[in-house]
Amino acid sequence: MTELSKKSDGGLIARRYASEKRFRMYGVFALSLTTVFLAVLLADIVWRSLPAFTQYHAVLNVMVDPSKVEASNPAAGDFEGIVKDAWRGQFPSVQSRADRRLLTSLLSNAAGGELRRRVIADPSLIGKDVTVPLLLSDDADLFLKGLSTGVERSDGKGPLQIRSDGENFFLSGQGLNPGQIVLADGGAFKIAPEGDASPAEVIVAPGSTAEVGEGKWQLLTFDAAQDTRKIGDREAVWLEMLREKGIMKREIAWNFFLNGDSREAEQAGILGSILGSLMVVFVTVAVSLPIGVAAAIYLEEFAPKNRLTEIIEVNINNLAAVPSIIFGLLGLAVFLGFFGMPRSVPLVGGLVIALMSLPTIIIASRAAVRAVPPSIREAALGVGASKQQAVFHHVLPLAMPGIMTGTILAVASAIGETAPLLLIGMVAFIVDIPTGFLDTATVLPVQIYLWSDLPEKAFEARTAAAIVVLLLIMLILNAFAIYLRKKFERRW
Amino acid sequence: MDMAFQSVVTPQSPRIMAERPVRIDAKDVNIYYGEKHAIKNLTIAIPDRAVSAFIGPSGCGKSTFLRAINRMNDTIPSCRMTGDILLDGDSIYDASLDVVQLRARIGMVFQKPNPFPKSIYENVAYGPRIHGTAGSKAELDGIVEKSLRRAALWDEVKDRLDQTGTGLSGGQQQRLCIARAIAVNPEVILMDEPCSALDPIATAKVEELIDELKKNYCIVIVTHSMQQAARVSQLTAFFHLGTLVEFGDTDEMFTAPQDKRTQDYITGRFG
Chain A
1 MTELSKKSDG GLIARRYASE KRFRMYGVFA LSLTTVFLAV LLADIVWRSL PAFTQYHAVL
61 NVMVDPSKVE ASNPAAGDFE GIVKDAWRGQ FPSVQSRADR RLLTSLLSNA AGGELRRRVI
121 ADPSLIGKDV TVPLLLSDDA DLFLKGLSTG VERSDGKGPL QIRSDGENFF LSGQGLNPGQ
181 IVLADGGAFK IAPEGDASPA EVIVAPGSTA EVGEGKWQLL TFDAAQDTRK IGDREAVWLE
241 MLREKGIMKR EIAWNFFLNG DSREAEQAGI LGSILGSLMV VFVTVAVSLP IGVAAAIYLE
301 EFAPKNRLTE IIEVNINNLA AVPSIIFGLL GLAVFLGFFG MPRSVPLVGG LVIALMSLPT
361 IIIASRAAVR AVPPSIREAA LGVGASKQQA VFHHVLPLAM PGIMTGTILA VASAIGETAP
421 LLLIGMVAFI VDIPTGFLDT ATVLPVQIYL WSDLPEKAFE ARTAAAIVVL LLIMLILNAF
481 AIYLRKKFER RW
Chain B
493 MDMAFQSVVT PQSPRIMAER PVRIDAKDVN IYYGEKHAIK NLTIAIPDRA VSAFIGPSGC
553 GKSTFLRAIN RMNDTIPSCR MTGDILLDGD SIYDASLDVV QLRARIGMVF QKPNPFPKSI
613 YENVAYGPRI HGTAGSKAEL DGIVEKSLRR AALWDEVKDR LDQTGTGLSG GQQQRLCIAR
673 AIAVNPEVIL MDEPCSALDP IATAKVEELI DELKKNYCIV IVTHSMQQAA RVSQLTAFFH
733 LGTLVEFGDT DEMFTAPQDK RTQDYITGRF G
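Protein chains in written order, with my numbering: chain A, 1 to 492; chain B, 493 to 763.
No wet-lab data here; the hints were simulated from the structure.
Hints may be right or wrong, so weigh each one.
[To be verified] With the Cβ distance kept under 10 Å, some of the chain B side facing chain A (calculated, not the full set):
no. : residue
1   : N562
2   : P569
3   : M573
4   : Y585
5   : L589
6   : V591
7   : G599
Even glycine gets a Cβ: it sits at the ideal position worked out from N, Cα and C.
When you get a sec, could you build the whole thing from the sequences and use the hints?
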């Protein structure tokens, strides 16, 4: 040992080890950097997406008015009118036209949807009281989730005097600052900008005008100024008062999973685009897998090695590097322009993406076929199998795991493809959920692109949530690829 | 024709030839890989029911010629051949001959054991199945058992026919490959260095098997081991640089070689 280590080597061995150690450190550094980036990205997206997976509803007791819903035809009933009446009934003192409209704007324009569903399922509910959740608007929902402004609530100090001269209300008490909201005796006021000497703005009329003792009235402060948020002070106070009553329920946002696209954020969902994506992927696999595998096998096993096949090979490799938007143009020119296929349909989208995935699938399949040891082919030929039998009985089964992996990776990248679909019209705003390959549809990545462009804050969370769903679908596809590879893998 | 090729020693007519019919008759065979002239003017007659060994240094063309006998060289695009090889008097390069049928008549065992990654049963049954030899499952079972028995493998694997063939030991795999070749009932069995990947015990078993098989088949074996050639073959052909230098009875070849090059090779002076 000492003999060996004493031997003078001019530091060569030490340098060799130092170099290896350095390289390992580079590797660890690169890996940690990637991990950190990935973790930050994922955490950010998941964090942003969380609000989209829940939705606030106002659970109200609603009387299904027989004058608005006919038992013979419940589907035509005015359910929106019924729920709006019930909603306004929460604040009988709100009477002015503008205020009533403001109050109604807190409900989604599809707020009666759940009631409609229940009454149509069970018409005997007509004329009865039903406890039903009403869908709130996206702005109300964001406020209740605390995403538009923070709310601070503090007990008032000392007694509060409420005086009324018949028309106006005057408040006096400790710590009343201009613009502050005061909740007292079932009523709500906003202190005038000029101070408590001027009449206070009535948001909800109080039960009486009397002195309110210490601890029985409260002050509300919103973190964000009124003009920086979409929910005004009045709406915010109504929502706060209803929340205090305990009728606001946060539930899983089934709308997000079960609806198509919508201009109203609270009604917008991804089912339409998920189905569109699945149809596109189905067409892609159905077209590109058989063609790609057949082309790969022919090129690898049967094709004569001449100039023509060489040119074809080089061009297949080149096609894999062509920007996807070019394939979109090709699809537009050939499928829409020449064959006259309809716009915005999954069939055409699938065909375009199939063209795009073909080179990748061919290259992966050829590599897989080439990786099968020649001894297997010779063994098959040696017992008198024909070339085709050797390929289909022995080479193909052994190449299958590789072909599957290549194909699913190609499809996984195809499912995230947007550019070629823009050109064939799959970028449209489509509300209806597609039911067939010739229905207009959009796909998940396009949906993400469309939502990311919208100004409403609620769509921000929905965009992130749609990204999370897309990532999950890709994760599932990759897991499936690994499962298939393990299943087909054989030892030799 | 290049004059250098004319000076090749004309193969002797071995004593053993008188007792057995000729099975494979190669005439003026030349094989080229692209520009490389791999086999030069080879003429040889290989008898039935005997083991003929091809020996010679690496790259001398013995495997190339072996693969020409069942037209395995057809799978190499750059390879072309002139001359003719007859099997039982019929040209195997005749345009009307079906190469797939030919390979069923001339079985082959390769250097590295190459069982299919399927069950032992499927390995043996594959040939009969694609040729439609067996009419029923029972008949196929019979062929599988007979082939495995002939390959002296039956007793070792009869309880695990459904296990994968690649799970066997190297020697067992090679005997499985022999069983697979026998299963299609060939007339000739070509063996390309069948023991080079095996240990001595497995080699002994395969050699024993070859000795047994020669009663029914015409066997041609390429080997790097002169001891093996001496042990298993009745006839030996010595190849050198693409030419057949000498072909004769094994005993005579190893005791009294006619050619200086043969003598140098078998005494270990080159190779």
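Please write out, lowest number first, the hints stated earlier that are contradicted by the structure. 3, 4 and 5
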